[in-house]
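Work out the full structure: start from the sequences and follow the hints.
Residue numbers (the numbering used here), protein chains in the order written: chain A, 1 to 360; chain B, 1 to 360; chain C, 1 to 360; chain D, 1 to 360.
Please keep in mind that the hints were generated in silico from the structure rather than gathered at the bench.
One should not assume that every hint holds.
Pairs count within a copy or across copies, as identical chains cannot be separated in the list.
Stated by the list, open to error - Each computed DSS-like pair below joins lysine-lysine, with the alpha-carbon atoms no more than 25 Å apart:
| id | residue 1 | residue 2 |
| --- | --- | --- |
| 1 | Lys-266 | Lys-52 |
| 2 | Lys-202 | Lys-107 |
| 3 | Lys-97 | Lys-107 |
| 4 | Lys-202 | Lys-266 |
| 5 | Lys-97 | Lys-52 |
| 6 | Lys-202 | Lys-52 |
| 7 | Lys-97 | Lys-266 |
Read off the chains here:
There are 4 protein chains.
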Amino acid sequence: MSDSVHPSAKSQDSARRRVAVLGASGYTGAELVRLLSTHPHFDIAALTADRKAGKLMGEVFPHLAHLGLPRLITIDEMDTESIDLVFCALPHATTQKVISALPRDLKIVDLSADFRLRDPEVYATWYGHPHQALELQAEAVYGLTEFYRPEIREARLVAGTGCNAATGLYPLLPLLAADVIDPDDITISLAAGVSGAGRSAKEHLLYTEVAEGVAPYAIAGHRHIAEFEQEFSRAAGRFVTCSFIPHLSPQNRGILATVFVQGEAKAVHETLTEAYAEEPFLSVLPLGAAPSTRDVRGSNRCHLGVVADRRRTQSGEGRAIIFSALDNLMKGASGQALQNANVMMGFEETAGLAGAPMFP
Amino acid sequence: MSDSVHPSAKSQDSARRRVAVLGASGYTGAELVRLLSTHPHFDIAALTADRKAGKLMGEVFPHLAHLGLPRLITIDEMDTESIDLVFCALPHATTQKVISALPRDLKIVDLSADFRLRDPEVYATWYGHPHQALELQAEAVYGLTEFYRPEIREARLVAGTGCNAATGLYPLLPLLAADVIDPDDITISLAAGVSGAGRSAKEHLLYTEVAEGVAPYAIAGHRHIAEFEQEFSRAAGRFVTCSFIPHLSPQNRGILATVFVQGEAKAVHETLTEAYAEEPFLSVLPLGAAPSTRDVRGSNRCHLGVVADRRRTQSGEGRAIIFSALDNLMKGASGQALQNANVMMGFEETAGLAGAPMFP
Amino acid sequence: MSDSVHPSAKSQDSARRRVAVLGASGYTGAELVRLLSTHPHFDIAALTADRKAGKLMGEVFPHLAHLGLPRLITIDEMDTESIDLVFCALPHATTQKVISALPRDLKIVDLSADFRLRDPEVYATWYGHPHQALELQAEAVYGLTEFYRPEIREARLVAGTGCNAATGLYPLLPLLAADVIDPDDITISLAAGVSGAGRSAKEHLLYTEVAEGVAPYAIAGHRHIAEFEQEFSRAAGRFVTCSFIPHLSPQNRGILATVFVQGEAKAVHETLTEAYAEEPFLSVLPLGAAPSTRDVRGSNRCHLGVVADRRRTQSGEGRAIIFSALDNLMKGASGQALQNANVMMGFEETAGLAGAPMFP
Amino acid sequence: MSDSVHPSAKSQDSARRRVAVLGASGYTGAELVRLLSTHPHFDIAALTADRKAGKLMGEVFPHLAHLGLPRLITIDEMDTESIDLVFCALPHATTQKVISALPRDLKIVDLSADFRLRDPEVYATWYGHPHQALELQAEAVYGLTEFYRPEIREARLVAGTGCNAATGLYPLLPLLAADVIDPDDITISLAAGVSGAGRSAKEHLLYTEVAEGVAPYAIAGHRHIAEFEQEFSRAAGRFVTCSFIPHLSPQNRGILATVFVQGEAKAVHETLTEAYAEEPFLSVLPLGAAPSTRDVRGSNRCHLGVVADRRRTQSGEGRAIIFSALDNLMKGASGQALQNANVMMGFEETAGLAGAPMFP
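As structure tokens, then:
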């Protein structure tokens, strides 16, 4: 990838850094707190949740009650002076207003969709309204760590990727950059766990509506397609799009992308293996093996597998199928965010993220 | 489809018919018993399960204990004289031996894979050994009711389809027959519940191995591909194959196939709507809507949905994505088997199969 | 129990009866529609859902879309003239107002909690406000069919039991009536599926909050305790209460009650076996066997099991543990409601309810 | 509890210690490896699995493939010279033979049931055969850390508790020792996740047999009752038993015990609060609050809750209900084992166990 993994681990400042989590009452906020609670260099200075301000974090998330966390406050109550970095886990659209109001000297890792798309017109098309903070959007670095490491190191504002987007980008970006697949023939079928939809009380997310069944969602066009197009095109040096259908799978965590491409499986496998050889969080399985979301659960890992498709093209060329698995709350959101924060702060990139997956 | 649905309902013999279920200790066998227990024309004369012979059905399946069923016997103990039709729910390979030994005047609905493939060489390739009952294989009618109704009406031996195969064939056969999609560009990504793997004590089917995660299986080539190729090619009048990946989804029942094709969504939708307009068990949802396996659970229904793909071909032609949902134990196995038995016996085709899906 | 099961099946009016389901947009409403769709004597004349009036039932519940159901209307739009019986599946508290406004000649099976408690003071205590329809409350018959059959046959208004209550009453009422257990030493620990909480978009019912874990709820006192006390006391001829804790289990359907009592297991088992010998929907398993909710899923059945407790009382007397399993949407709600409607109409009691449980 | 938590953390030897995991192909073995992979003082020197010897750990547990673990070997192949401590995660009965053959200078933390019961006759009664290593049994210390800390510190062989036993002992031991409940009136109803049954391919543990339902198991008498009786009696100074029913809950991890006792809730709550005030892994929730297994998932924590029972004794005395939640693979098995290993080695007791629970 773009740079070595542990660039300044040795030279890092030994002093601890203070962070805030904005939107700590959502699942990605809670996951950040879980990770931060054992992080060697970060301390939690503030947790905000406007509608639940005044409550203890342990009332909102009992699994974190024993951690001695600061009480939830509103964003306005936060003392930004004492804070080095902010994780912003707020809903889309409100995020751009909140971040615009934050001091310019605060480093920010944003987990919303607000700063992922570089082209304001594309943003307006997919999100239905003009962007309200164009300077910030221009400044933001796309948070797919392995591909933007130098930029993230210098960034003030890093925009976390979509969780589905990350799952599809890892298997495809190296292939498009290396020109080993046909950029006009990419199909992504994806299954995603429920936690990606957040902790919002919506009928279609009830246990009874989700358990014991599977169905596609966002079939008219999922917003992460815009991210695919942006990053695919950057990697390929021309416009690239894809067919993309996500499905809601009856599980808490985990995304599996199954990617159908035109290209030789062996070349695909070699390209991915080489691309991620030095990456601490990515594994490319042996050719012919496939990953499971169970094997990355709770970890910051992404596992990739490649198999030759029995079907060949009409002209006899090969096709390949690639599988990509990650935990949407970790490598797809909060783990990625912490990885980026580590890079921004000059810490070892794996700090606080070394935990092995939890199975079963 | 090939014929009207209720051809001889009026002329049917009012006498009840006696059936046996061979392999009643598996899930498809139990599902047959569930359906037969309220069937208006069939009585259960015998239940066999060689390894559990002597046991009460209620010991093997407590949910059926109240039905006053005959005790489990071996196949050898079965009195075939008194039986009109046999449902054969035995494992692959052993089935062909068992059926070869049955009297020629017995009607048989087989749920195994043994008689699905018309070409002995194809069978040998996919199942790894020569077929042991070639005459029976030649005689067997493929059990996709809506497409083989006249043949099934006259058949002695009907071979139930693979459950994954049925899920993929319903959306594609009318399109290939009507030539509204490119037969060289078919991709099927499928999610299947666990009951399709049967009641066998295997490590990878344990709750702890399946729950809370999703993964592909049979990635080197699932045997149902042979069924796809056989039936696709028959419908298209030329050889047709597809890219196909099934995934194991953490749910008891239900298969969802997501099918990516080259063709205009509107034409695809119209073709399917027309093809299944008179079919009692198939519903084509409005264009742009997608089905869920939850909505067919426990029923003999198959729901289809069509959406236009945002991606177009390089030359600007349209692409479509089709979704197909059914219950693997019902329309994918035992419900289909009973539907075929109804046809073979001249009963109304929906007899015993009118139950609405169970949700949640 | 109190009467024979099929009292007037032979003399029943052959004409079909027309029913309405008020509150058809909830799970119990949908389950009623599922059952009514194959009922031999009832036709669905109207479906109401005030907030979703104007929609097709298939938009609200896609699994029922194929049934050709009437469009959802408001209660005010309902033509009560043409209706013989109303199933009222509305929320608590609003129900009493709605039913008060219905014509007096309409038979009503209510599934809410509004008319379960005979004592207005007890109602006010548990529900926090005075009852608004005391005459109706006085008139209502408690809908535990097996114990109130003669009253239900003559009733105009039948009040469906709580689903947890039914699960605990079946194992205990015969024992209290027969005086084979100590009425002062009853402990009920219960696990309930999520559908009992209805289709309301509440955070604690989200898939992510429920899956992969278990926890007690309503620990300060569940309202069904009032039903236990009312019916236990009636059976015992003196005031009887119990310790009761329900738990939310990660499953759609099913309640299992585990009941700890002081009494000899053999006598307990014999008493239950005899009590339910003629009941079509209750099974008492052999002594030492235990039921599972899986084995009653989707059916109107209740399975009971008895085992001797290893622990004896200090004075050496025996203790027993009784298990009771039913499907909360069926025998605990909609199945029970239909059973009662059958009794009220003089139909065979099992009409429309003969379906075997669905497993897996 | 019996001692301070971090007795010799300061004086600990800074050198790393080498451990082996015997039976690394089971769930508790894998969980140990997960924990050890980030432990500050332990290195994994050997992993054994007789039937899978020669395989990579990553073939057996893909979620651990990236850890660079030693290849699986047989126990005979293990070089005990280089090892300081052995975790023994082998099946019951075979364990005693294996441990008998290990060198006497090896510290051992056993996770099987073989050394939990101090009385050989009790062992023989519950396990159906005489114990084969009586000297070891006499030497073994019961591994409920908080109650045996001084003994564990000096122990060579520590016997891990049953996972159900631990869940019931935490809420009850302090109460029996403090005499605030009636020792003759203890009822434990427990729900346990599936991973407690291990990774054995048994029909009743299949996904399809477990999902979407709940049922009791081992109703004739679960072996953990013997542990309850042993430890209850020790705490109370007289023989104490209990009514005990475990249920299999459709979830991977987590045990919830609901304990019904005679005693005043306030005194119960105060006693537990005081008993565990200094314990790093135990939390007593505020009076009237209840824990969920979700809130301890993946962590070494045990959460306790107390509520007053509405039912009082006939003489008017109070009753209380206590809830206890832990993760069976962690505090109920591998986490406990590592905690004990830390104590045995003089490490800080929480080393490698500080990870917060994972939710959702």
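Return the numbers of the hints above that this structure violates; sort them in rising order. The structure conflicts with hints 1, 2, 4, 7, although it agrees with all the remaining ones.
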